[in-house]
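Q: Please model the entire structure based on the sequences and the hints provided.
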Amino acid sequence: MSFLKIENVVKRFGALPVIKGVSLSAEKGEFVVFVGPSGCGKSTLLRLIAGLEDVDEGTLTIDGEEVTHAEPARRHVSMVFQSYALYPHMTVYQNIAFGLEIARQPKPEIDRRVQEAARILQIEALLQRKPRQLSGGQRQRVAIGRAIVRNPKIFLFDEPLSNLDAELRAQMRVELARLHKNLGATIVYVTHDQIEAMTLADRIVVVRAGVVEQIGSPADLYDRPANMFVAGFIGSPKMNLFQANVTAVNAGTITVASAVFPTGKWEIAGPFLRMPEVGSTLTLGLRPEALTIGGGEPIAAFSVDLTENLGGSTQIYGRAKDGTNLTVLAHQRTELSSGDRLEVSLGTGLLHVFDGDGLALRV
Amino acid sequence: MTDRHRSPLSGTSRTASGTSRAARKWREALTGYAFVAPAFVGFAVFYLLPTVRAMQISLTDWNLLRAPRFVGLANFERLLHDDKFWHSCEVTLAYVLYNIPLQTALGLALAVLSDRLARSVILRALIISPYLISNVVSGLIWLFMLDPLLGLTNAWLVAVGLPHQPFLASPDQAIISVAGISIWRHTGLTALLFYAGLQSIPKHLYEAARLEGAGEWLMFRRITLPLLRPVMAFVLVTTIIGSFQVFDVIAVTTSGGPADASRVILWFIYENAFQFNKMGYASAVSILLFLVLILITLVQMRLLRADQSDLD
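Same order as they appear, the protein sequences are chains E and W. Under this note's numbering, the residue at position 261 of the first sequence is numbered 261, and the numbers go up by one with no gaps. All you need for this note's numbering is the position in the second sequence, starting with 1, plus 363.
Be a bit skeptical, because a hint or two may be false.
Stated by the list, open to error - Here are the simulated BS3-like pairs of lysine-lysine, each with C-alpha atoms no more than 30 Å apart in a straight line:
| no. | chain 1 | residue 1 | chain 2 | residue 2 |
| --- | --- | --- | --- | --- |
| 1 | E | Lys-130 | E | Lys-5 |
| 2 | E | Lys-321 | E | Lys-238 |
| 3 | E | Lys-130 | E | Lys-20 |
| 4 | W | Lys-566 | E | Lys-107 |
| 5 | W | Lys-566 | E | Lys-5 |
| 6 | W | Lys-388 | E | Lys-20 |
| 7 | E | Lys-153 | E | Lys-130 |
| 8 | E | Lys-130 | W | Lys-388 |
| 9 | E | Lys-20 | E | Lys-5 |
| 10 | E | Lys-181 | E | Lys-28 |
| 11 | E | Lys-28 | E | Lys-5 |
| 12 | E | Lys-20 | E | Lys-238 |
| 13 | E | Lys-153 | W | Lys-566 |
| 14 | E | Lys-130 | E | Lys-107 |
| 15 | E | Lys-181 | E | Lys-153 |
These are computed hints drawn from the structure, not numbers from a lab.
A: The structure is reproduced here in structure tokens:
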């Protein structure tokens with residue numbers, strides 16, 4: 001049985017449904033990341049697990065116990081807030097010890113656990129400081145310390161790194177991954193940053209408008225997006241998506257036509273989940289980093305608009321004959337100028353195929 | 364252009380820009396003073412000059428008819444041996460002690476309840492409404508309400524089987540009744556100030572505490588109260604100063620009676636100044652009250668660390 005189980009959960013704010021029948025589960029020790037654009041309901045989903053919002057429909061189970069309408073404290077979860085939510089009038093020690101004091105733990109036990117958490121997070125020297133005397137990264141550690149000291153069943157993280165600068169965010173990301181490994185904790189983590197999602201998660205839950213679009217491992221989501229939304233959302237730079245018409249359907253292959261292809265058409269081999277009809281319009285997807293300049297049969301031809309030198313790589317923006325925008329991430333520096341014509345091949349990358357409803361057609 | 368060619372020019376422009384910067388600073392300062400001037404003139408005319416004048420008068424014997432006669436610190440010396448003055452101090456202190464703790468506690472409770480439960484604009488408007496009535500009018504309303512024979516309050520007491528109370532007509536109950544009127548009138552304002560203070564406490568602190576198992580009372584004690592400290596300091600300083608200066612309700616309801624039971628310091632000053640024409644003596648009491656209030660305020664602000672907030 002799953003450690004955390006959410007079944008058909010619905011949440012409405014007034015008449016407005018923000019979570020529309022979400023079901024998902026997490027195993028003990030798993031790192032699950034909710035990712036999605038702003039306002040998609042991922043934080044609300046986390047708050048429903050915490051008990052900070054009431055569930056309108058559905059059930060929520062933690063460690064075999066139904067907690068759908070249980071008080072937050074009875075769920076034995078800890079949460080790290082985006083703003084850290086440290087008590088500003090208490091010292092770091094008091095902040096970490098607060099939950100243990102409420103649980104009426106003996107003083108020596110509180111001290112032992114606070115010191116242990118401080119040691120793990122390397123904040124022993126900060127214990128007598130107030131939150132305002134700490135940097136963003138230090139506050140973040142204290143917030144995590146407050147979470148781990150209670151030894152919760154599940155850690156909930158609500159965009160915990162979004163207030164940090166890029167360098168600190170990368171550093172804290174590594175530390176969080178290490179912490180997860182060392183503690184073996186079950187973590188549910190909310191972010192809108194797909195790099196955090198890809199690097200930290202055992203499984204990613206992609207949420208859009210209160211609905212789960214896909215659940216899977218980072219590699220799954222990247223290689224086999226279930227629909228166009230996931231395809232566009234996961235990966236940076238974004239996947240190139242363009243339309244093509246089905247001109248022929250044979251056993252196991254389809255032929256499509258688009259001005260993006262140098263020859264005007266392309267044959268795609270299966271296996272397919274469903275065979276499209278001749279004359280139907282499909283959306284095809286090519287990841288910018290999967291495209292290679294030269295080397296093999298060209299899949300796309302376009303004229304260069306702009307290049308961005310990223311040091312070790314170059315991002316090339318261009319336009320196909322029919323005006324379709326294309327992006328290529330070349331793993332080398334290039335000497336291209338605006339107006340240059342360029343052909344790229346697929347190499348070992350995948351061509352993603354979506355039907356008229358935006359659902360993936362290819363396995 | 365070479366450096367050799369540019370240097371005389373740049374020297375000139377540096378001087379010119381220096382002059383214009385000074386001129387701009389001067390203009391800016393003048394504008395600032397112009398904005399502050401109306402408030403300063405008001406403060407000087409209505410507060411500063413009367414205070415200085417009261418200090419002068421406190422050193423004289425002056426009955427408004429003869430010219431003031433300098434008597435040095437004689438008025439202050441006389442104060443120390445004046446039983447009526449000490450009695451008025453006791454009455455004032457009793458009024459402050461009846462008024463402030465209850466008003467503060469009620470205001471805080473109303474603010475917390477409306478923040479945690481209701482958050483209704485209509486409720487807040489209702490709570491503040493007594494404050495919108497002037498002191499004199501609220502004094503008159505309660506004079507009728509608390510009338511020993513015809514007052515509505517006694518009718519209610521009798522209706523629930525309790526005995527008649529003399530309220531303002533009793534030496535034992537007069538100052539408590541006046542404090543009750545003040546609490547009725549001012550609690551709404553106190554509640555509104557606390558409510559504003561509560562809005563500055565981030566809501567996620569309560570969420571974090573709830574996750575850690577804290578109940579409402581614990582959250583109030585360990586989060587709300589410590590973080591309201593600067594507002595608490597403001598409320599206590601202003602209400603305590605206001606309480607020491609209670610006058611108009613006394614003037615309307617008891618005139619310092621019965622049997623001097625509600626003769627507060629300000630009423631004592633008023634009697635001496637305008638009924639007994641002892642302007643020097645009345646000014647000496649005013650100055651003493653002024654100094655005592657400054658002292659109380661400084662101590663309070665120090666104890667409550669009023670200038671420091673834990674919130675970012």
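Q: Each hint needs a verdict: does it hold in this structure or not?
A: Do the hints match the structure? See the list:
1. E:Lys-130 x E:Lys-5: Distance of about 38 Å is beyond 30 Å: violated.
2. E:Lys-321 x E:Lys-238: Roughly 21 Å separates the two Cα atoms, so the pair holds.
3. E:Lys-130 x E:Lys-20: Violated, at roughly 41 Å.
4. W:Lys-566 x E:Lys-107: 29 Å, holds
5. W:Lys-566 x E:Lys-5: 28 Å, holds
6. W:Lys-388 x E:Lys-20: 61 Å, violated
7. E:Lys-153 x E:Lys-130: 28 Å, holds
8. E:Lys-130 x W:Lys-388: 40 Å, violated
9. E:Lys-20 x E:Lys-5: 16 Å, holds
10. E:Lys-181 x E:Lys-28: 13 Å, holds
11. E:Lys-28 x E:Lys-5: Holds - the C-alpha atoms of Lys-5 of chain E and Lys-28 of chain E are around 11 Å apart, at most 30 Å.
12. E:Lys-20 x E:Lys-238: Distance of about 27 Å is within 30 Å: holds.
13. E:Lys-153 x W:Lys-566: 24 Å, holds
14. E:Lys-130 x E:Lys-107: Judged against 30 Å, a Cα distance of about 21 Å means the pair holds.
15. E:Lys-181 x E:Lys-153: Between Lys-181 of chain E and Lys-153 of chain E the Cα gap is close to 15 Å, so the pair holds against 30 Å.
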